[in-house]
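Colleague: As a plain string of letters, each chain reads:
Number of protein chains: 2
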Amino acid sequence: MAQINQFTITEAVKESFQTEEGSRFKFLLETFIDHLHDYTREVNMTHEEWMGMLMFLYDCGKISTPERHEFILLSDVVGLSALVDMINTRGGATEGSNLGPFYLDDAPELELGGDLARGRDGTTLLVHGIVRDSLGNPLPGAIVDTWQADGSGTYPIQEHGQDKYDLRGKITADGEGRYYYTTVLPKPYTVPYDGPVGRLLRAGNRHAWRAAHLHFIVRAEKMRAITTELFFENTEYIDNDAVFGVRKSLIAKLEPVKKSEEFPFALEKRPDAKCRFDFVLAPEG
Amino acid sequence: MAQINQFTITEAVKESFQTEEGSRFKFLLETFIDHLHDYTREVNMTHEEWMGMLMFLYDCGKISTPERHEFILLSDVVGLSALVDMINTRGGATEGSNLGPFYLDDAPELELGGDLARGRDGTTLLVHGIVRDSLGNPLPGAIVDTWQADGSGTYPIQEHGQDKYDLRGKITADGEGRYYYTTVLPKPYTVPYDGPVGRLLRAGNRHAWRAAHLHFIVRAEKMRAITTELFFENTEYIDNDAVFGVRKSLIAKLEPVKKSEEFPFALEKRPDAKCRFDFVLAPEG
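The listed protein sequences derive, respectively, from chains B and V.
Per the UniProt record's numbering, the first sequence starts with residue 1, numbered consecutively.
Per the UniProt record's numbering, the second sequence starts with residue 1, numbered consecutively.
Hints are computed from structural coordinates only; laboratory data are not their basis.
These figures come from a predicted structure and were not determined experimentally.
Hints may contain errors.
Repeated chains share a single entry, so a pair holds when one copy, or any two copies, can fit it.
[Claimed, not checked] Listed next, the in silico EDC-like pairs over lysine to aspartate or glutamate satisfying Cα-Cα at most 16 Å (straight line):
1) 274 x 109
2) 14 x 239
3) 269 x 121
4) 248 x 278
5) 26 x 42
6) 253 x 105
7) 269 x 194
8) 62 x 284
If we strip away everything but chain B, and leave its shape as in the complex, we get (with noise of 0.2 Å):
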């Protein structure tokens, strides 16, 4: 047999795996022993360490269920979540930010114009803006899906007797590609730290405070849809969001609504504050 030691393993590890000449799954794979195995050689990694890596991997896999995923949310918390929605960011697009954990995608649609708490409690806030294309074109017809904690931080999702689909809503833009409804001004929240990677965070003196936001998925036809979240100027976390969700180009700027103002759109409520973002999405493919 061939001796294999510390440097000669790496190389032995990757032919072990027949894969497919060029494929996809054989780049993906090889890198990633390259990584593991160069990493571990540079920290020269003991036996201890070792143990208390994986063994972190297992009480991960012990917390999670279909609901609580710690996997994701290590991958939120070491900013790989958000180093994958920048990467797959299309030029020109609005930029991609966290899924998170409770998305649903059958939320029911919410007319032009609507109220998304229904009378729940807080700030109520208009959100509008307009879907358009890279050219600025609007985009008559595009599906703005929106989900969102509410005034006190928490997604009826998760409240034991509430309705999974509160504060959740389709809406679909006018032929001028306008989108415009009220809802209630999200609260900051935690991300849950009552796991492993709530120890990881703890070592490493780090809190798990979400910046507030609103999430959304953009659609349109022909256009590449696009996930991402808004977040207000000069509200809390917004320099150190637990998961690294914010950009500077997804802050939007929070204006008081005056008595007088009116709206070129009618509304089923009186906002007290209002936000503008629009949407830009790239062609598909």
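Fit chain V to the supplied structure of chain B, relying on the hints for placement.
Modeller: Frame of chain B; chain V shown alone:
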């Protein structure tokens, strides 16, 4: 706020952890984040690949139990366990190899010359040698803690109704550092491949077989203990062990025992074959 993008996010994530300057934890964490982010950028990871990777970890967590640690198995098949063993082998000492999942630290004592097989079917093998320090001095009283699969490739601990302490024993070396005992020649076996790691092996057209081996932990006063495995020349899978446990220096020659052959020590059972292996321990610290 400072804008972060796919290049600056790596430093931002590292800075979010408030870890002690110069600490081992800081070094392990920052080097990990560097490699994770570099990998993600190098392969231009898509959202589908990202989710596939996280679901793979989720599945590893779901199948894991205290007796079935899928993350250790994953570490084994991508050569990480072997690499950590190699990195931690001390110069001049016997090379380390996989601990594996079946070790029990409270194995019964086995007298020098005793038979570990206790009447099991198979080839009776004499295992003998000297435990020495790296200068060649014998280490009297060294403890040779061994465990192994049987003549059909099964560990008693895996089989319902069998004594989990079978085929395990702690042997104390004599005044000249010699150890000797008989046992049954083990057979190759497969690592568990009914879980996500099995899926990975199949995707890479890899088999799940381990070359036949004996496990050892050897300890002596003031010496660094070694965890290793002993393999046999010209046996199956010696060139493509599924967990990369084989090293040239850990392969012993299997030799037939002649009818007339006499041994310089007393044995409980007459062997059919023999192999010699000396263990070399480095000083502690």
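Colleague: Each hint: holds or not?
Modeller: Hint by hint, here is what the structure shows:
| no. | hint | in the structure |
| --- | --- | --- |
| 1 | 274 x 109 | neither (21 Å within a copy, 78 Å between copies) |
| 2 | 14 x 239 | between (41 Å within a copy, 15 Å between copies) |
| 3 | 269 x 121 | within (13 Å within a copy, 84 Å between copies) |
| 4 | 248 x 278 | within (14 Å within a copy, 65 Å between copies) |
| 5 | 26 x 42 | between (24 Å within a copy, 14 Å between copies) |
| 6 | 253 x 105 | neither (28 Å within a copy, 63 Å between copies) |
| 7 | 269 x 194 | neither (39 Å within a copy, 57 Å between copies) |
| 8 | 62 x 284 | neither (39 Å within a copy, 36 Å between copies) |
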